[in-house]
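Visitor: The chain contents come next:
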Amino acid sequence: DVKVTQSSRYLVKRTGEKVFLECVQDMDHENMFWYRQDPGLGLRLIYFSYDVKMKEKGDIPEGYSVSREKKERFSLILESASTNQTSMYLCASPPAGRTTNYEQYFGPGTRLTVT
Amino acid sequence: AQSVAQPEDQVNVAEGNPLTVKCTYSVSGNPYLFWYVQYPNRGLQFLLKYITGDNLVKGSYGFEAEFNKSQTSFHLKKPSALVSDSALYFCAVRDDNYGQNFVFGPGTRLSVLP
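Sequence order for the protein chains is A and B.
Residue numbers for the first sequence follow my numbering, so the first one is 1032 and each next one is one higher.
Residue numbers for the second sequence follow my numbering, so the first one is 45 and each next one is one higher.
One chain only, chain A, in its complex shape (with noise of 0.2 Å):
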């Protein structure tokens, strides 16, 4: 089975604070997903990438920046961290590479509060 993780579970920021939420896929997949969750929202886009060191930006890209240094790896980055960026983040990861009729594995999630 395809795993999706994320490093915390939950997170308490102060506002102002650099944040860093990790991901990583075990199954050499080329394309990596953060999106945030809100309530009545659904999930937003924030960044993708579909390679090494490549990323672009989703619908709702401003306040973070991501990292993709190794193929397993995706960071998403709040370089100063805001009270709107409360919200469940989900990482998330498709099996194949540039096609578009395979799911999406979602990891656990990251709960974030920014006080």
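The hints are simulated quantities; they were obtained by calculation from the structure and are not laboratory data.
Worth double-checking, as some hints may not be accurate.
Stated by the list, open to error - Part of the chain B face toward chain A, derived, beta carbon under 10 Å:
1) 56
2) 59
3) 76
4) 134
5) 146
6) 151
Said to hold, decoys possible - Keeping only pairs whose Cα atoms sit at most 30 Å apart, straight-line, the calculated BS3-like set for lysine-lysine is:
7) A/1044 x A/1101
8) A/1044 x A/1084
9) A/1084 x A/1034
10) A/1101 x A/1034
11) A/1034 x B/102
12) A/1034 x A/1088
13) A/1101 x A/1086
14) B/93 x A/1086
15) A/1088 x B/121
16) A/1084 x A/1049
17) B/93 x A/1034
18) A/1086 x A/1102
19) B/93 x A/1102
20) B/121 x B/102
21) A/1086 x A/1049
22) A/1034 x A/1086
23) A/1034 x B/121
24) A/1034 x A/1044
We put the CB at the ideal spot given by N, CA and C, even for glycine.
With chain A held as given, fit chain B onto it using these hints.
Guide: Showing chain B alone in chain A's frame:
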């Protein structure tokens, strides 16, 4: 542009009754449609997908969904609901004109009452 609507925030159904969770979509190309379920404090789990072929798709845990191209819908169904089906359900679409990105609906909370 792609979009997904789930017109009901909440669906309540009695255990043993059939359930339907509705989804409609809008794409410019051919749609690839997915249903996911999320249990409390967990990530999303894949239930089923429509890519091509039969309009009725069967998935995990006894769920099925019907693709209706003319109505641009992909409703999730189950003949007999279980209390353990209570969760948050998301419909998602990918458009073959837009590559890798999924678009998710806002989610529908299903409550199955004993």
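Visitor: Against this structure, judge whether each hint is valid.
Guide: Now for the hints, and whether the structure bears them out:
Of the supplied interface hints, the one on residue 56 of chain B is violated, with its beta-carbon coming no nearer than about 18 Å to a beta-carbon of chain A, more than 10 Å. Checking residue 59 of chain B against chain A: minimum C-beta separation of about 26 Å lies over 10 Å; hint violated. With its C-beta approaching chain A no nearer than about 5 Å, residue 76 of chain B sits inside the 10 Å limit, and its interface hint holds. Residue-level restraint check for residue 134 of chain B holds (minimum Cβ-Cβ distance to chain A is 6 Å; threshold 10 Å).
Checking residue 146 of chain B against chain A by beta carbon gives a least distance of about 6 Å; that is within 10 Å, so the hint holds. The interface hint given for residue 151 of chain B is met, as the beta carbon of that residue sits about 5 Å from the closest beta carbon of chain A, less than 10 Å. In summary, the hint linking residue 1044 of chain A to residue 1101 of chain A is supported, as the alpha carbons are separated by about 26 Å, within the 30 Å threshold. Restraint check for residue 1044 of chain A and residue 1084 of chain A: the C-alpha separation of about 27 Å stays at or below 30 Å, so the hint holds.
Restraint check for residue 1084 of chain A and residue 1034 of chain A: the C-alpha separation of about 21 Å stays at or below 30 Å, so the hint holds. Restraint check for residue 1101 of chain A and residue 1034 of chain A: satisfied, since their Cα atoms lie roughly 16 Å apart, inside the 30 Å limit. For the suggested pair residue 1034 of chain A and residue 102 of chain B, the alpha carbons sit about 24 Å apart, so the restraint of at most 30 Å is met. Proximity of residue 1034 of chain A to residue 1088 of chain A is assessed by CA-CA distance (about 24 Å); at most 30 Å being required, the pair is judged to hold.
Between residue 1101 of chain A and residue 1086 of chain A the alpha-carbon distance is near 12 Å, which keeps this suggested pair within the 30 Å criterion. Our distance criterion of 30 Å between C-alpha atoms is met by residue 93 of chain B and residue 1086 of chain A, whose separation comes to about 27 Å. A threshold of 30 Å between alpha carbons decides the hint, and for residue 1088 of chain A with residue 121 of chain B the separation of about 34 Å lies outside it, so the pair is violated. Taking the CA atoms of residue 1084 of chain A and residue 1049 of chain A, the gap is near 21 Å; set against the 30 Å cutoff, the hint holds.
Under the criterion of a C-alpha separation no larger than 30 Å, the hint pairing residue 93 of chain B with residue 1034 of chain A is consistent with the structure, at around 20 Å. For the given pair, residue 1086 of chain A sits about 12 Å from residue 1102 of chain A by alpha-carbon distance, which is consistent with the 30 Å threshold. Proposed proximity of residue 93 of chain B and residue 1102 of chain A is supported: the alpha carbons are some 27 Å apart, at most 30 Å. A hinted pair counts as satisfied when its Cα atoms are at most 30 Å apart, and residue 121 of chain B with residue 102 of chain B qualifies at roughly 10 Å.
For the given pair, residue 1086 of chain A sits about 20 Å from residue 1049 of chain A by alpha-carbon distance, which is consistent with the 30 Å threshold. Proposed proximity of residue 1034 of chain A and residue 1086 of chain A is supported: the alpha carbons are some 21 Å apart, at most 30 Å. Among the hinted pairs, residue 1034 of chain A with residue 121 of chain B is consistent with the structure: their alpha-carbon atoms are about 28 Å apart, no more than 30 Å. Between residue 1034 of chain A and residue 1044 of chain A the CA atoms are separated by roughly 27 Å; this keeps the pair inside 30 Å, and the hint holds.
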